[in-house]
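Quick note on numbering: the sequence shown equals residues 1 to 176 in the UniProt record's numbering.
There may be inaccurate statements among the hints.
[Claimed, not checked] In silico PhoX-like links for lysine-lysine, alpha-carbon gap of 25 Å or less:
(1) K21 / K11
(2) K21 / K76
(3) K11 / K76
(4) K11 / K84
(5) K21 / K84
[As the list claims (entries may be wrong)] Label pairs and their computed distance ranges (CB to CB):
(6) E42 / D108: 24 to 32 Å
(7) L170 / S92: 20 to 28 Å
(8) S140 / A52: 30 to 38 Å
(9) R158 / S2: 18 to 26 Å
(10) D93 / S140: 32 to 40 Å
Calculated directly from the structure, the hints in this document are not laboratory data.
Every residue, glycine too, gets a C-beta built ideally from N, C-alpha and C.
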Amino acid sequence: MSVSVVVGNPKANSRTLEVAKTLAECLLVPGTYDMSVIDLAEHAGDIFDQTAASVNEAVARVAGSDLAIFAAPTYKAAYTGLLKAFLDRYPSDGLSGVTAIPLLTGADLGHSLAPSATLTPLLTELGAVVPGRGFYFVTSQMDSMRDIVQRAAEVYVRNMGQVARLLPVLADQEQA
Numbered sequence: 001m002s003v004s005v006v007v008g009n010p011k012a013n014s015r016t017l018e019v020a021k022t023l024a025e026c027l028l029v030p031g032t033y034d035m036s037v038i039d040l041a042e043h044a045g046d047i048f049d050q051t052a053a054s055v056n057e058a059v060a061r062v063a064g065s066d067l068a069i070f071a072a073p074t075y076k077a078a079y080t081g082l083l084k085a086f087l088d089r090y091p092s093d094g095l096s097g098v099t100a101i102p103l104l105t106g107a108d109l110g111h112s113l114a115p116s117a118t119l120t121p122l123l124t125e126l127g128a129v130v131p132g133r134g135f136y137f138v139t140s141q142m143d144s145m146r147d148i149v150q151r152a153a154e155v156y157v158r159n160m161g162q163v164a165r166l167l168p169v170l171a172d173q174e175q176a
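Can you make the complete structure from the sequences, with help from the hints?
Next comes the structure, spelled out in structure tokens:
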């Protein structure tokens with residue numbers, strides 16, 4: 001299982017990165033996946049260079065992932081321009097086959113709808129499957145972060161399990 005954590009915080013090694021990595025760890029059984037962390041702050045100088053090998057490699061790695069968590073701090077009620085610039089490299093359906101979880105962090109609950117209202121539509125436009133509403137984490141709760149993230153992970157696991165139960169009865173699209 002290939003997992004990518006993409007963080008669009010302009011500050012490297014941010015709290016947003018910590019929350020996103022913890023979400024991946026809470027979602028999956030240890031030892032069953034390879035996690036690739038893409039901290040876009042480390043690529044900020046190349047993000048608009050279409051020939052930048054490091055960014056192009058990251059784009060390809062995420063597109064080949066089974067699961068990707070896209071995270072950013074909330075800026076002006078939306079995700080950052082850094083994350084948007086990365087996602088703009090994908091064509092329509094460029095994330096087809098990827099299960100994606102949108103995650104935004106912020107100072108208070110005032111922007112708690114931002115992941116679902118802003119990032120989820122972009123991810124679905126790119127062909128990703130989003131297994132529930134976007135996750136919003138209030139950064140003043142870092143002391144309780146693991147417990148809060150674990151509860152969010154349980155909801156995503158339940159949602160994905162509900163979809164998986166349909167697999168045996170879904171029509172074979174190749175024969176339809």
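Going down the list of hints, with the structure as the test:
Restraint check: the Cα-Cα separation between K21 and K11 comes to about 16 Å, which is no more than 25 Å; the hinted pair holds. In summary, the hint linking K21 to K76 is supported, as the alpha carbons are separated by about 24 Å, within the 25 Å threshold. Pair hint K11 plus K76 holds up; C-alpha atoms about 17 Å apart against a cutoff of 25 Å. A C-alpha spacing of about 16 Å is found between K11 and K84, which places the hinted pair at or below 25 Å, so the restraint holds.
For a cut-off of 25 Å, the pair hint linking K21 to K84 stands: about 20 Å separates their Cα positions. For the hinted restraint 24 to 32 Å between E42 and D108, the CB-CB distance of approximately 28 Å keeps it satisfied. Judged by the Cβ atoms, the range 20 to 28 Å given for L170 and S92 holds: they are separated by roughly 24 Å. Evaluation of the 30 to 38 Å hint for S140 and A52 yields a pass: the beta carbon distance comes to about 35 Å.
Between R158 and S2 the C-beta distance comes to about 22 Å, which sits within the given range of 18 to 26 Å. At roughly 38 Å, the beta carbons of D93 and S140 sit within the given window of 32 to 40 Å.
No hint from the list above goes unmet by this structure.
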